[in-house]
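Undergrad: On the provided structure of chain D, position chain W as indicated by the hints.
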Amino acid sequence: MNQDHSLPAEFHLPNLERRAMEPRALKSIVLSAITIAAAVIACIPLFSVLILLLYRGAQRLSLEVFHTLPPTAFEAGGGFGNAIVGTLFMVGIAALISVPFGVLAAIYLAELGPHSRVAQIARFCAKTMTGLPSILAGVFAYAAVVLIMGSYSAWAGGIALSLLMVPIVMLTAEEAIKMVPQPMKDAAFGMGCTPLQSMLKVVLPVAMPGIMTGVVLAVARAAGETAPLLFTALFSDYWLQANEPTASLAVLIYNYSGMPFENQIELAWTASLVLVLMVFILNIVSRTIGRRKKI
Amino acid sequence: MMLMEYPQNRSDTVRTEAALPKDVILDCQAEKIYYGDFLAVRDSHVPIHKNQITGFIGPSGCGKSTVLKSINRMNDLIRGFRFEGKVHFHGTDIYRKEVDAVAVRRNIGMVFQQPNPFSMSIYENVAFGLRLNRFSGNMDEKVENALRGAALWDEVKNKLKNNGLSLSGGQQQRLCIARAIATEPQVLLMDEPCSALDPIATRQIEELMVELKKRFTVAIVTHNMQQAMRVADQTVFFAVDVSKGGRTGYLVEMGSTSQLFENPKEKLTKDYLRGDFS
Chain D
1 MNQDHSLPAE
11 FHLPNLERRA
21 MEPRALKSIV
31 LSAITIAAAV
41 IACIPLFSVL
51 ILLLYRGAQR
61 LSLEVFHTLP
71 PTAFEAGGGF
81 GNAIVGTLFM
91 VGIAALISVP
101 FGVLAAIYLA
111 ELGPHSRVAQ
121 IARFCAKTMT
131 GLPSILAGVF
141 AYAAVVLIMG
151 SYSAWAGGIA
161 LSLLMVPIVM
171 LTAEEAIKMV
181 PQPMKDAAFG
191 MGCTPLQSML
201 KVVLPVAMPG
211 IMTGVVLAVA
221 RAAGETAPLL
231 FTALFSDYWL
241 QANEPTASLA
251 VLIYNYSGMP
261 FENQIELAWT
271 ASLVLVLMVF
281 ILNIVSRTIG
291 RRKKI
Chain W
1 MMLMEYPQNR
11 SDTVRTEAAL
21 PKDVILDCQA
31 EKIYYGDFLA
41 VRDSHVPIHK
51 NQITGFIGPS
61 GCGKSTVLKS
71 INRMNDLIRG
81 FRFEGKVHFH
91 GTDIYRKEVD
101 AVAVRRNIGM
111 VFQQPNPFSM
121 SIYENVAFGL
131 RLNRFSGNMD
141 EKVENALRGA
151 ALWDEVKNKL
161 KNNGLSLSGG
171 QQQRLCIARA
181 IATEPQVLLM
191 DEPCSALDPI
201 ATRQIEELMV
211 ELKKRFTVAI
221 VTHNMQQAMR
231 VADQTVFFAV
241 DVSKGGRTGY
251 LVEMGSTSQL
261 FENPKEKLTK
271 DYLRGDFS
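Order-wise, the sequence lines are chains D and W. With the working numbering, the residue at position 252 of the first sequence is 252, and numbering never jumps. With the working numbering, the residue at position 257 of the second sequence is 257, and numbering never jumps.
Possibly wrong hints are sitting among the right ones.
Derived CB-CB ranges, DEER-like [unchecked claim]:
{"hint": "1", "chain 1": "D", "residue 1": "Met179", "chain 2": "W", "residue 2": "Gln226", "range": "34 to 42 Å"}
{"hint": "2", "chain 1": "W", "residue 1": "Lys214", "chain 2": "D", "residue 2": "Arg291", "range": "44 to 52 Å"}
{"hint": "3", "chain 1": "W", "residue 1": "Glu31", "chain 2": "D", "residue 2": "Pro195", "range": "23 to 31 Å"}
{"hint": "4", "chain 1": "D", "residue 1": "Ala20", "chain 2": "W", "residue 2": "Arg79", "range": "35 to 43 Å"}
Subject to a maximum C-alpha distance of 27 Å in a straight line, what follows is the list of computed DSSO-like cross-link-like pairs (lysine-lysine) [as the list claims (entries may be wrong)]:
{"hint": "5", "chain 1": "W", "residue 1": "Lys214", "chain 2": "W", "residue 2": "Lys50"}
{"hint": "6", "chain 1": "W", "residue 1": "Lys142", "chain 2": "W", "residue 2": "Lys159"}
{"hint": "7", "chain 1": "W", "residue 1": "Lys157", "chain 2": "W", "residue 2": "Lys214"}
{"hint": "8", "chain 1": "W", "residue 1": "Lys270", "chain 2": "W", "residue 2": "Lys244"}
{"hint": "9", "chain 1": "D", "residue 1": "Lys201", "chain 2": "W", "residue 2": "Lys142"}
{"hint": "10", "chain 1": "W", "residue 1": "Lys161", "chain 2": "W", "residue 2": "Lys142"}
{"hint": "11", "chain 1": "W", "residue 1": "Lys161", "chain 2": "D", "residue 2": "Lys201"}
{"hint": "12", "chain 1": "W", "residue 1": "Lys159", "chain 2": "D", "residue 2": "Lys201"}
{"hint": "13", "chain 1": "W", "residue 1": "Lys157", "chain 2": "D", "residue 2": "Lys201"}
{"hint": "14", "chain 1": "W", "residue 1": "Lys214", "chain 2": "W", "residue 2": "Lys32"}
{"hint": "15", "chain 1": "W", "residue 1": "Lys270", "chain 2": "W", "residue 2": "Lys32"}
{"hint": "16", "chain 1": "W", "residue 1": "Lys142", "chain 2": "W", "residue 2": "Lys97"}
Which stretches of chain W does chain D cover? Using the computed rule of at least three CB atoms under 8 Å from a CB of chain D, they are [as the list claims (entries may be wrong)]:
{"hint": "17", "stretch": "44–55"}
{"hint": "18", "stretch": "109–122"}
Since the hints were made in silico from the structure, they are not lab data. Note that this is a predicted model, so its numbers are computed, not measured. Just so it is clear, CB atoms sit at the ideal spot from N, CA and C, and this is done for glycine as well.
Here chain D stands alone, though its shape is the one from the complex (with noise of 0.2 Å):
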């Protein structure tokens, strides 16, 4: 059937066979084997550590846990609810800070003074701050705010929490804003928007998806926080006194899994599966929102 298509006979058809055992092909499978070794391994240490969460952890997991004070030292039962409320509202004062000083620099940053030394100056700065050691931001923050109070009190602990946040949000939110398509924006000013009616109208609209994903992801990095809360907000057996020492879950996990006491120890076990899964939902939410962005 293919004798008009017949070769010459110096012309030969080349080789398409697949053969494994070459050595190009060897090559590319190892090679291949090996970034899937270390795409599997990436993910060992995440889910050890949540194996053993839930191993140690969940044997105190009742709603007890979450109404109930500290036990003291011989005490048996007992939870942490205190620490809950104190990290979920320092964590709340910190957002309160950071989420509408980020979005406002990032604003700027995005939008009217891109070019601006300012704008450069404050990226450069915002870039560092993300690398920070977060023990430094509790020292700052009991320099700034518990000399000058007096106190350690939640309001130091979320001031210090703020200061880890604002570069998270101010960078993302910049990169959202961004992200708005650039004929978008021409098409506001081209209707005779001021910039800032196109910023509410047009950009912030179609950028809040990616700045939700920011603020959700920098709130779970917070709460997570130990270091800075050690310098301003302490710990507290009580329940939350804003001006007070005040407990947070970091912080009593610290204190607590180097106990002596065998209840104080369970608790830490249980504080810190709560705090993941806390953390572990805020991630959820943040890809949920992420994942609802549509030009």
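TA: Frame of chain D, contents of chain W only:
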């Protein structure tokens, strides 16, 4: 200017309108346009005639888009942009210090090369400019009229709540036209409005432009000479001057479309139309 209240412009209008030829609604005198140190356009005087379509043609980089975008001060948003010259609109130079660029853009609408509807419903896209101007009358009617004016109503009347970005490219561009004409600007600038569209959508837009000129004045940049021939009443030909080492665009010739295409005065125009250079 029915939706705008800018008293200082009003009084100027009354004072100097007589000085201009009756049918020139907007007179663009671009002496020099710079981006930073780069001289992009020189010596281009383009009068825009009322209720006509003025086509800007010329090779790439000849500054035709730059001149067009200077007319409603869109270029103000570009870093380093500097305009020397005047743009008379109702006797007011829109580059005067006291003039608000935002107000200019509300009266001189713009349709861009890439269809760029907002990420909101079709209805809200069209209502956008009206809301900006705090229009308080019958919004539904205005939106319907604008969509009819842009020959889009029949295709979208049952899905006004859908996102404007869900439409096809040609529909998006007509949505952008509807958005621009909803506020009834006096002049509509179009920057290669068909270059991202297929031939069928292009044809629809061209037919639409001819309809639009009954109510508005249109200036259109196009890289497609046939398009200029089909729709434009006046045609402006720009070319690039590379003599001084730069790439400076300038106006070579302007005239009625039939005169410019059939009987160009300048040799450069003749060469370009024959296809000797691009």
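Undergrad: Look at each hint and say if it fits the structure.
TA: So, going through the hints one by one against the coordinates:
no.: 1; hint: Met179(D) / Gln226(W): 34 to 42 Å; result: 37 Å, holds
no.: 2; hint: Lys214(W) / Arg291(D): 44 to 52 Å; result: 47 Å, holds
no.: 3; hint: Glu31(W) / Pro195(D): 23 to 31 Å; result: 28 Å, holds
no.: 4; hint: Ala20(D) / Arg79(W): 35 to 43 Å; result: 57 Å, violated
no.: 5; hint: Lys214(W) / Lys50(W); result: 9 Å, holds
no.: 6; hint: Lys142(W) / Lys159(W); result: 17 Å, holds
no.: 7; hint: Lys157(W) / Lys214(W); result: 24 Å, holds
no.: 8; hint: Lys270(W) / Lys244(W); result: 23 Å, holds
no.: 9; hint: Lys201(D) / Lys142(W); result: 20 Å, holds
no.: 10; hint: Lys161(W) / Lys142(W); result: 16 Å, holds
no.: 11; hint: Lys161(W) / Lys201(D); result: 17 Å, holds
no.: 12; hint: Lys159(W) / Lys201(D); result: 22 Å, holds
no.: 13; hint: Lys157(W) / Lys201(D); result: 24 Å, holds
no.: 14; hint: Lys214(W) / Lys32(W); result: 32 Å, violated
no.: 15; hint: Lys270(W) / Lys32(W); result: 25 Å, holds
no.: 16; hint: Lys142(W) / Lys97(W); result: 33 Å, violated
no.: 17; hint: 44–55; result: violated (count 0)
no.: 18; hint: 109–122; result: holds (count 9)
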